[in-house]
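Sequence lines, in order, name chains A and B.
Using the numbering used here, the letters of the first sequence correspond one by one to residues 1 to 317.
Using the numbering used here, the letters of the second sequence correspond one by one to residues 1 to 317.
Misleading hints may appear alongside valid ones.
Put simply, identical chains are the same to the list, so a pair is met inside one copy or across any two.
Restricting the straight-line Cα-Cα distance to at most 30 Å, the calculated cross-link-like pairs of lysine-lysine (DSS-like) are [said to hold, decoys possible]:
no.: 1; residue 1: K101; residue 2: K288
no.: 2; residue 1: K2; residue 2: K312
no.: 3; residue 1: K314; residue 2: K2
no.: 4; residue 1: K75; residue 2: K126
no.: 5; residue 1: K126; residue 2: K312
no.: 6; residue 1: K113; residue 2: K312
no.: 7; residue 1: K57; residue 2: K75
no.: 8; residue 1: K126; residue 2: K288
no.: 9; residue 1: K126; residue 2: K227
no.: 10; residue 1: K57; residue 2: K210
no.: 11; residue 1: K312; residue 2: K102
no.: 12; residue 1: K75; residue 2: K113
Just so you know, the hints here were simulated from the structure itself, not pulled from any lab data.
All of these numbers come straight from a predicted model, not from anything done at the bench.
2 protein chains.
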Amino acid sequence: MKTRITELFGIEMPVIAGGMVWCSGWRLAAAVSRAGGLGLIGAGSMTAEVLREHIVKCRQAVGELPFGVNMPLMKPDAAILMEVVAQERVPVVFTSAGSPKKWTSWLHERGIKVAHVVASSIFARKCEDAGVDAVVAEGFEAGGHNGREETTTLCLIPAVRRATSLPLIAAGGVATGDAMLAVMALGAEGVQMGTRFALTAESSASEAFKRRCLELNEGDTRLLLRKLSPTRLVRGGFYDAIEQAENRGATGDELLQIIGTGASRRGIFEGDVEQGELEIGQAASLLKGRDIESVEEVMRQLRQEFDCALQKIKNFR
Amino acid sequence: MKTRITELFGIEMPVIAGGMVWCSGWRLAAAVSRAGGLGLIGAGSMTAEVLREHIVKCRQAVGELPFGVNMPLMKPDAAILMEVVAQERVPVVFTSAGSPKKWTSWLHERGIKVAHVVASSIFARKCEDAGVDAVVAEGFEAGGHNGREETTTLCLIPAVRRATSLPLIAAGGVATGDAMLAVMALGAEGVQMGTRFALTAESSASEAFKRRCLELNEGDTRLLLRKLSPTRLVRGGFYDAIEQAENRGATGDELLQIIGTGASRRGIFEGDVEQGELEIGQAASLLKGRDIESVEEVMRQLRQEFDCALQKIKNFR
Numbered sequence: 001m002k003t004r005i006t007e008l009f010g011i012e013m014p015v016i017a018g019g020m021v022w023c024s025g026w027r028l029a030a031a032v033s034r035a036g037g038l039g040l041i042g043a044g045s046m047t048a049e050v051l052r053e054h055i056v057k058c059r060q061a062v063g064e065l066p067f068g069v070n071m072p073l074m075k076p077d078a079a080i081l082m083e084v085v086a087q088e089r090v091p092v093v094f095t096s097a098g099s100p101k102k103w104t105s106w107l108h109e110r111g112i113k114v115a116h117v118v119a120s121s122i123f124a125r126k127c128e129d130a131g132v133d134a135v136v137a138e139g140f141e142a143g144g145h146n147g148r149e150e151t152t153t154l155c156l157i158p159a160v161r162r163a164t165s166l167p168l169i170a171a172g173g174v175a176t177g178d179a180m181l182a183v184m185a186l187g188a189e190g191v192q193m194g195t196r197f198a199l200t201a202e203s204s205a206s207e208a209f210k211r212r213c214l215e216l217n218e219g220d221t222r223l224l225l226r227k228l229s230p231t232r233l234v235r236g237g238f239y240d241a242i243e244q245a246e247n248r249g250a251t252g253d254e255l256l257q258i259i260g261t262g263a264s265r266r267g268i269f270e271g272d273v274e275q276g277e278l279e280i281g282q283a284a285s286l287l288k289g290r291d292i293e294s295v296e297e298v299m300r301q302l303r304q305e306f307d308c309a310l311q312k313i314k315n316f317r
Numbered sequence: 001m002k003t004r005i006t007e008l009f010g011i012e013m014p015v016i017a018g019g020m021v022w023c024s025g026w027r028l029a030a031a032v033s034r035a036g037g038l039g040l041i042g043a044g045s046m047t048a049e050v051l052r053e054h055i056v057k058c059r060q061a062v063g064e065l066p067f068g069v070n071m072p073l074m075k076p077d078a079a080i081l082m083e084v085v086a087q088e089r090v091p092v093v094f095t096s097a098g099s100p101k102k103w104t105s106w107l108h109e110r111g112i113k114v115a116h117v118v119a120s121s122i123f124a125r126k127c128e129d130a131g132v133d134a135v136v137a138e139g140f141e142a143g144g145h146n147g148r149e150e151t152t153t154l155c156l157i158p159a160v161r162r163a164t165s166l167p168l169i170a171a172g173g174v175a176t177g178d179a180m181l182a183v184m185a186l187g188a189e190g191v192q193m194g195t196r197f198a199l200t201a202e203s204s205a206s207e208a209f210k211r212r213c214l215e216l217n218e219g220d221t222r223l224l225l226r227k228l229s230p231t232r233l234v235r236g237g238f239y240d241a242i243e244q245a246e247n248r249g250a251t252g253d254e255l256l257q258i259i260g261t262g263a264s265r266r267g268i269f270e271g272d273v274e275q276g277e278l279e280i281g282q283a284a285s286l287l288k289g290r291d292i293e294s295v296e297e298v299m300r301q302l303r304q305e306f307d308c309a310l311q312k313i314k315n316f317r
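Just chain A, with the same shape it has in the complex:
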């Protein structure tokens, strides 16, 4: 399979594993890159020291294969983490939650390829102005932090496709090969998948988190926290406390009190599925009843599902 995304990153399948907090350590990133995709280490939940360790171990595991780091730009220590990325000669950085202008030139000067994550065509145009190498358009279906416009992937991808000529990666709601084909019909040239990879054996999330997410029904994740930063959460005790507060009209400050500190670490990494914060995409319910699979198995299924859906659609006309 060949698109501008496989060529840009030098990968076999246009599949990127999102760099997710508490899930995307070196094991997951390396497994995805070794299986023909692009694995990302999630710097969002790492200190500089931990990030360096994950980069070194990832490189040991993948050899000459490409891999990357996802960097949320609103992170207070983003500048320190960026130094680590440059020192360790990481080949690719995906930036998010900030302006694409801030780091793109700096990274390019150091020979690092840059993709930026957006949730609207206005920000996609800013990416083009900033000179990024690719844009990730992430729809309402995505887990965790989400765009204010609430535009779904089905409506977002065509909008971004028209707004920019950049290589385009679709994210949000894409957990199968069928969905991969669907977003490529809309103009995407690759996909970034979070949910599917967060629930693999190689993800560093707790087993309790993975098992909980693999039994979700439709409607079991919802977008909340619109008064702060819109976030897709899984139903449970933490979710209920926020929803009840929002229903009675709680302010942003009151919501911050309820969230407290360390909630996503407690939920995702430590496996407190009742009181911790659980972030996963809407597509999780499509994985219901599956086992915790290996990355290799997931990549094999993606290829097969994509080919099968493509065969079917070729007969339509």
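With chain A fixed as given, assemble chain B onto it according to the hints.
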């Protein structure tokens, strides 16, 4: 083009025009059926007398071609309207907002084909049990009344595809031929489009409503009224009043007070785009800058876009 949906209804293109309040009179329904799709009259905003008039005029315009009526089952006078549908020998009824068990046998006994609109795979299975001829799965992107699960079309279609073997029509976020191809890659065999047809010349909505909807940006429609019945509305004075009340924690009763009576008639039909209730799908922003087009022109573009997207995707592997 041939799918189980074209065969079921005896149409050329698997495209159904949603039966929308204040938009879907006989002119719109007849134009869609004459252009090779299936036009639906929207009974939701009609009295028995008005519905009969629209059915008679639609039949005069289409001759032997199929057409249908959309019937929201929660309408207090649904039983009276169903009698009109049967007396006038309408060939197809799409039911929504209620149980598919209630009317399916009754309609079948009168030789009428039945499709039912759902927003979850649980309700899709109920459709199969009730013996409907086809199921419409409508995602979060859709305008107006919406499912409680907030499942987007990208996640809903595969879920419903697995849950039932019924002929499957995708709705919500589908306004172009590319999106038609995308949802068919997910397992749909046809599409129901509301937004695109609501804004055609033949739609009975006011010109002011159509012009307002053709200038929307991403994020200009949102789902509100979760404490009553979740509804996708267009930003404006009416929307602002509801959003502000919800942000301060207003109850369902307080929201009903703000909504008042006749709001959608005022907004959509009479064209009070500031104080009236405006309902349109999220895909409206993809139509920004277009003119008010004829149904024939829309159907021509859909064919062309579909073919073009299919050609592109055939080259992926």
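Comparing the hints with the structure gives:
1. K101 to K288: between (40 Å within a copy, 28 Å between copies)
2. K2 to K312: Both, since 20 Å and 13 Å are each at most 30 Å.
3. K314 to K2: Answer is both: 19 Å inside a copy and 12 Å across each meet the 30 Å cutoff.
4. K75 to K126: within (20 Å within a copy, 47 Å between copies)
5. K126 to K312: Answer is between; shortest inter-copy Cα gap is 27 Å, intra-copy 38 Å.
6. K113 to K312: This pair counts as between: shortest inter-copy Cα distance 27 Å, intra-copy 36 Å.
7. K57 to K75: Intra 23 Å, inter 63 Å, cutoff 30 Å: intra-copy only.
8. K126 to K288: Only across copies: K126 and K288 sit 20 Å apart there, 38 Å inside one copy, limit 30 Å.
9. K126 to K227: This pair counts as within: shortest intra-copy Cα distance 25 Å, inter-copy 37 Å.
10. K57 to K210: Answer is within; shortest intra-copy Cα gap is 24 Å, inter-copy 57 Å.
11. K312 to K102: The answer is neither: 44 Å in one copy and 35 Å across copies each exceed 30 Å.
12. K75 to K113: within (20 Å within a copy, 57 Å between copies)
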